[in-house]
Amino acid sequence: MVRFIRLGVGAILVGAMLCPGSGGSAQVQSDHPAFEGVWKIVTSTTTLKLPDAVPFTAKGRNEYAANKKMKARGNYDDYDITTSRCSSPGVPRLMLTPMRFKIWARLGYVTFDFEWNRAIRQIDLHATRQPDVMGDDLVPTMTGDSRGHWEGDTLVATTTNLSERTLLDDLLPHSVDMKVTERLRLTDPNTLENRITIDDPAYYTKPWDAVITYKRQPDAIFPEDICLDRIQAHQPAFPTS
Amino acid sequence: MYGSSARLVATALSLTGLWATAASAHHSFNTYDMSKTVAVSGTLKEFRWGAPHSSMVLVYKDKTGAAAQMSLISGSPLAFSKQGFAPRDFHKGDKVKLTYHPYVNGLPGGALASLTMNGRTFSDAEAAAAIAGGTAQ
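Chains as they are written, first to last, in my numbering: chain A, 1 to 241; chain B, 1001 to 1137.
This is chain A alone, in the form it adopts within the complex (with noise of 0.2 Å):
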């Protein structure tokens, strides 16, 4: 009897801290509990960075160019498979989304739990990394592989091990050694800028800088989100607005 006790109190407090909002406990294992919360993208756009202003190495504006072909013929699975079986869009394109996203920090992990088709990524703030199931480093992943740490009030994450079965955004192509590089911050309680440098040069001449910015939302449980339903009743797998 004691045990369930026990069991019923440790399950209160677990599900405590795991419910975004509730009150003092989020800030339990949170260095930096300000980032936590509900946020969604000012300004929705489809564009990282305009082409004209991304230093493209040959082999990067030749790719960018043979997108824009496939993306004019309708062809998107030959490019973007996103759009077309609504497969991850990965980092950066995620933080793209005009849909609603959930940032919290629990465990050594700031978790990214994103409203479209309920999507997850995560950053490891563990000084030591934790063991790939696939290998280290094997196999490139349409999140790749995330670490983190505090700069002051600055989230620094760093991004390798990425899928060249993603784009940046929904032209722009990488190679599978891109380093991604994030400097969220919050500029007010409520805005928060996510600066990313794009670092390829297989495809870049040198790193580029694109700057999201997010505003906060009311908190909210999101409801279920199916890419796939949305390919069949012909809407956009990956919504631009």
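Some clues are possibly wrong.
[Unchecked claim] Pairs of lysine-lysine residues, derived as DSS-like cross-links and limited to a Cα-Cα distance of at most 25 Å, are as follows:
id : chain 1 : residue 1 : chain 2 : residue 2
1  : A       : K69       : B       : K1092
2  : B       : K1063     : B       : K1092
3  : B       : K1092     : A       : K49
4  : A       : K71       : B       : K1092
5  : A       : K68       : B       : K1045
What the hints contain is simulated information worked out from the structure, not anything from laboratory work.
Dock chain B against the given chain A, drawing on the hints supplied.
Just chain B, lined up with the frame of chain A:
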């Protein structure tokens, strides 16, 4: 109390059963005609890495000379790694030569037997073992 324990045991047993099914299922090559080996050349469109199996999409020319796509099942990332191939070695548009065991139902594609790229060849040990009778069902 005993009811709860019994349910737990039953759940554990059923999960064990599921695990056993999942663990053995990937050894079946019944979907493929392992008595046939077909050669094809083409370009990689996509490689989906996973365990216990990966899969790839190959763009090739069909009998009429038109561009077509086929799906091929292959080994895990570790199986490739053991033969000196890493997932990051494979890129969209890479030209490859393959041999494979075709689908029994006649759909394009099948189970990868070998892959040659840039003068190096990967041989699928699991498919070879299935032909030898090691793990085929």
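Hints breached by this structure | The structure conflicts with no hint, since it agrees with every one listed earlier.
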